[in-house]
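**Student:** Sequence:
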Amino acid sequence: MAVGHKVSYVALLNGETPSAGEVSFKGVYSGDNNNATSACEGQVTVSKTSPSLSTNPSSFNIGAGGSVTDTATLSEATSNAGGTVTYQLWSDDTCGASGGSNVQTYTVTVTGGAVPSVSFTINTPGSYSIEASYSGDSNNKGATSGCEGVITVT
1 MAVGHKVSYV ALLNGETPSA GEVSFKGVYS GDNNNATSAC EGQVTVSKTS PSLSTNPSSF
61 NIGAGGSVTD TATLSEATSN AGGTVTYQLW SDDTCGASGG SNVQTYTVTV TGGAVPSVSF
121 TINTPGSYSI EASYSGDSNN KGATSGCEGV ITVT
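Per my numbering, residue 1 is the first one in the sequence shown, and the count goes up by one each step.
Everything labelled a hint here was simulated from the structure, so no lab data went into it. Note that beta-carbon positions come from the ideal geometry of N, C-alpha and C, so glycine has one too. Be a bit skeptical, because a hint or two may be false.
Here are the simulated DSBU-like pairs of lysine-lysine, each with C-alpha atoms no more than 35 Å apart in a straight line [claimed, not checked]:
1) Lys141 x Lys48
2) Lys26 x Lys141
3) Lys26 x Lys48
Pair ranges (Cβ atoms, derived) [said to hold, decoys possible]:
4) Val150 x Thr71: 16 to 22 Å
5) Cys40 x Thr105: 38 to 44 Å
6) Gly65 x Asn102: 25 to 31 Å
7) Ser67 x Gly146: 17 to 23 Å
8) Ser119 x Gln43: 45 to 51 Å
9) Ser138 x Gln104: 27 to 33 Å
10) Asn123 x Ser75: 28 to 34 Å
11) Val108 x Val150: 21 to 27 Å
12) Ser58 x Gly142: 24 to 30 Å
13) Gly65 x Ser138: 37 to 43 Å
14) Val46 x Thr144: 20 to 26 Å
15) Thr84 x Asn56: 24 to 30 Å
16) Thr144 x Ala39: 44 to 50 Å
17) Thr109 x Asn34: 55 to 61 Å
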């Protein structure tokens, strides 16, 4: 290969995107009538993706003793994302920022990027909020949803 020429390669391992971490590579050019054989090798770092997490409560107004189902969505994660999502129900409308306490917590397992929903039964009237957090896995960073409030229980 002549000096000053640039050759770019995009490589997939058996059709799969490499996992996060260090990936080694070796490239070999067999040469031709005008160019000598050439080889190179190196290492690159594949970074974890930075997903986002959102939640969507089924209702913002319920009667005491009623339930709210919350559905979390993991976006921009790898298609095989694993790990866990922890849902938290808070006894205020700011996810604890104004002094409310955690009332209920559920942890679910993420499989293939899919997050199971959970239902909170709320017996005491007041204002509540929900927040979810994703643990991350070997290819995805963790993420936290925004605070979903105000859920009013009458």
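**Student:** Which numbered conditions among the earlier hints are violated in the structure presented, ordered from lowest to highest?
**Tutor:** Hints 5, 6, 15 not satisfied by this model.
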